Amino acid sequence: MKWYIPYGNPTYFILLAVALIPLMLGLLYGRRFRWYQTLISLFFLILTFGGPNWRTGISLVCYFIYQVALVSAYFHYRRRKDSPNKGWVFVLAVILAILPLVIVKVTPAIEAGRQSIIGFLGISYITFKVVQTIMETRDGYIKDYHPVVFSQFLLFFPTISSGPIDRYRRFVSDYEKVPAQKDYLNLVQTGVRYVFLGFLYKFILAYYFGSILMPRVQFGALMAHGFSWYIVGYMYAYSMDLFFDFAGYSLFAVGISYLMGIKTPMNFNQPFKSKNIKDFWNRWHMTLSFWFRDYIFMRLVFFLMKHKVFKSRITTANVCYIVNMLIMGFWHGETWFYILYGLLHGCALVVNDTWLRYKKKHQERIPHNKFTELLAIFITFNFVCFTFLIFSGFLNTLFFEPGKLR
Amino acid sequence: MDNVKETVLSILNDLTGEDFSDRLDENLYDSALLDSMGTVQLLLDLQDKLGVNAPISEFNRSEWNTPAKIIAKAEALK
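As they're listed, the protein sequences go chains W and U.
Quick note, the first sequence lines up with residues 1 to 406 if you use UniProt numbering.
Quick note, the second sequence lines up with residues 1 to 78 if you use UniProt numbering.
Treat the hints as calculated values from the structure; they're not laboratory data.
Every value quoted in this text rests on a predicted model; they were computed, and no experiment measured them.
We treat Cβ as the ideally placed atom computed from N, Cα and C, and that holds for glycine.
Hints are supplied without guarantee of correctness; some may be wrong.
To be verified - With a straight-line Cα cutoff of 27 Å, these simulated BS3-like cross-link-like pairs (lysine-lysine) come out:
id	chain 1	residue 1	chain 2	residue 2
1	W	86	U	69
2	W	143	U	78
3	U	5	U	73
4	W	306	U	69
5	W	177	W	263
6	W	308	W	86
7	W	275	W	177
8	U	49	W	177
9	U	73	W	308
10	W	263	U	73
11	U	49	W	311
12	W	273	W	263
13	W	86	U	78
14	W	278	W	308
15	U	78	W	81
16	W	359	W	311
17	W	81	U	73
18	W	308	U	49
19	W	263	U	78
20	U	5	U	78
21	W	360	W	370
22	W	278	W	263
23	U	69	W	2
24	W	370	W	278
25	W	278	U	69
As the list claims (entries may be wrong) - Computed list of chain U residues with no C-beta within reach of chain W, every gap over 10 Å:
id	residue
26	2
27	6
28	9
29	13
30	16
31	19
32	24
33	25
34	26
35	31
36	33
37	50
38	52
39	68
40	69
Bound-form chain W, shown alone (with noise of 0.2 Å):
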């Protein structure tokens, strides 16, 4: 038997199509079929996660369980009358939600590579959606609570593996109704037209990029040994590579959400031409940059102002930029490249609030033209593009394990 990794071959989507008509076709005559949609919701995750990939299937329901119980278990001790609230509850219950993604990122640091057994495909976007969850429930904002539906918004398959990464009160507002069908047509339109774009980023330009280009430069630059000309050409092929690879997988995620009558929030908008750092945030990965700003940057920001931890606010503001990033560099893996591309993205928004601060002080000094603004763009472009080729490991694999390159 086969397995299929999301939007990954042709297959897939011809079975997608065929799976998504009768789903369509009640959503264009106002009905929602909540039992056809979990039907074929099973199908495509057996498809991934079945097969030769069982024992991630086994992982994937385990886990799936414990979170289901844990926020359950939350959300009663959030709505009993006279609730305690206590902090320790809270911070108890977002430690048990992260502890099996910890374990899967850790192991590999620990064991020579290998991986944690109760890992599998996109434990870490789960993980997130559960985090944001408990946090909303314990500042009460989340107020109906059903496990059925919050099972839907875990395991939308659309978006299983890599995102994009959706809110629970979001996902249960549409969930919960059918647009009309005027929206809805404008809807299937979009995703279609999303789809379509996924096939030219995915399967042309990142498979040009990544496939045929970043091979070819790899190789010089293993050559080469050393730095060379070669190692600047890969960067730029590794950044095309993850861009068009990521944005496209994301277009399918959101396009295939949209004809299920789900608005799955997008995820890049045009980010290589940023003016800076910050703005960059706003454009690449934006679920993910979404999800640190509100949940990790905002709250921490908020708990040191509150508790009056620095005097200066511009302080607070660059200590949790980096800690922010950090955490970041540490979610994708623990290794010095990964750790340090968030270094080095905490830095750069330190760097990037400092000059906007200096430039607003100096205004009539400085000038601001169209000439400025494209080399602001091209500054950024560069800086991400120089980070990406850190975050790729190559330098890791020319320079500390030759070896590993095939």
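Guided by the hints, dock chain U onto chain W, whose structure is given.
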């Protein structure tokens, strides 16, 4: 009631350096006058000065993006 409005406007004035009393429907995020830091400061000031307890989750960029909406929220939560 007017007290809430005046307080919110004075908080926004402190945060952004601008007077919004005749621009109640201006989008604070589109014009980049308010960022994440400013938002947190806003929530803390609302807590301090009005006793309005708005958790960060409650805060939603599309529902809190103009002075008028912030005033309405603050009045509703008070």
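Structure-based check of all given hints:
{"no.": "1", "hint": "W/86 <-> U/69", "verdict": "violated (31 Å)"}
{"no.": "2", "hint": "W/143 <-> U/78", "verdict": "holds (20 Å)"}
{"no.": "3", "hint": "U/5 <-> U/73", "verdict": "holds (11 Å)"}
{"no.": "4", "hint": "W/306 <-> U/69", "verdict": "holds (24 Å)"}
{"no.": "5", "hint": "W/177 <-> W/263", "verdict": "holds (12 Å)"}
{"no.": "6", "hint": "W/308 <-> W/86", "verdict": "holds (21 Å)"}
{"no.": "7", "hint": "W/275 <-> W/177", "verdict": "violated (39 Å)"}
{"no.": "8", "hint": "U/49 <-> W/177", "verdict": "violated (40 Å)"}
{"no.": "9", "hint": "U/73 <-> W/308", "verdict": "holds (26 Å)"}
{"no.": "10", "hint": "W/263 <-> U/73", "verdict": "holds (26 Å)"}
{"no.": "11", "hint": "U/49 <-> W/311", "verdict": "holds (20 Å)"}
{"no.": "12", "hint": "W/273 <-> W/263", "verdict": "holds (25 Å)"}
{"no.": "13", "hint": "W/86 <-> U/78", "verdict": "holds (23 Å)"}
{"no.": "14", "hint": "W/278 <-> W/308", "verdict": "holds (25 Å)"}
{"no.": "15", "hint": "U/78 <-> W/81", "verdict": "holds (21 Å)"}
{"no.": "16", "hint": "W/359 <-> W/311", "verdict": "holds (23 Å)"}
{"no.": "17", "hint": "W/81 <-> U/73", "verdict": "holds (25 Å)"}
{"no.": "18", "hint": "W/308 <-> U/49", "verdict": "holds (17 Å)"}
{"no.": "19", "hint": "W/263 <-> U/78", "verdict": "violated (33 Å)"}
{"no.": "20", "hint": "U/5 <-> U/78", "verdict": "holds (12 Å)"}
{"no.": "21", "hint": "W/360 <-> W/370", "verdict": "holds (18 Å)"}
{"no.": "22", "hint": "W/278 <-> W/263", "verdict": "holds (25 Å)"}
{"no.": "23", "hint": "U/69 <-> W/2", "verdict": "violated (54 Å)"}
{"no.": "24", "hint": "W/370 <-> W/278", "verdict": "holds (19 Å)"}
{"no.": "25", "hint": "W/278 <-> U/69", "verdict": "holds (26 Å)"}
{"no.": "26", "hint": "2", "verdict": "holds (28 Å)"}
{"no.": "27", "hint": "6", "verdict": "holds (23 Å)"}
{"no.": "28", "hint": "9", "verdict": "holds (21 Å)"}
{"no.": "29", "hint": "13", "verdict": "holds (16 Å)"}
{"no.": "30", "hint": "16", "verdict": "holds (12 Å)"}
{"no.": "31", "hint": "19", "verdict": "holds (18 Å)"}
{"no.": "32", "hint": "24", "verdict": "holds (25 Å)"}
{"no.": "33", "hint": "25", "verdict": "holds (23 Å)"}
{"no.": "34", "hint": "26", "verdict": "holds (19 Å)"}
{"no.": "35", "hint": "31", "verdict": "holds (14 Å)"}
{"no.": "36", "hint": "33", "verdict": "holds (12 Å)"}
{"no.": "37", "hint": "50", "verdict": "holds (16 Å)"}
{"no.": "38", "hint": "52", "verdict": "holds (14 Å)"}
{"no.": "39", "hint": "68", "verdict": "holds (22 Å)"}
{"no.": "40", "hint": "69", "verdict": "holds (17 Å)"}
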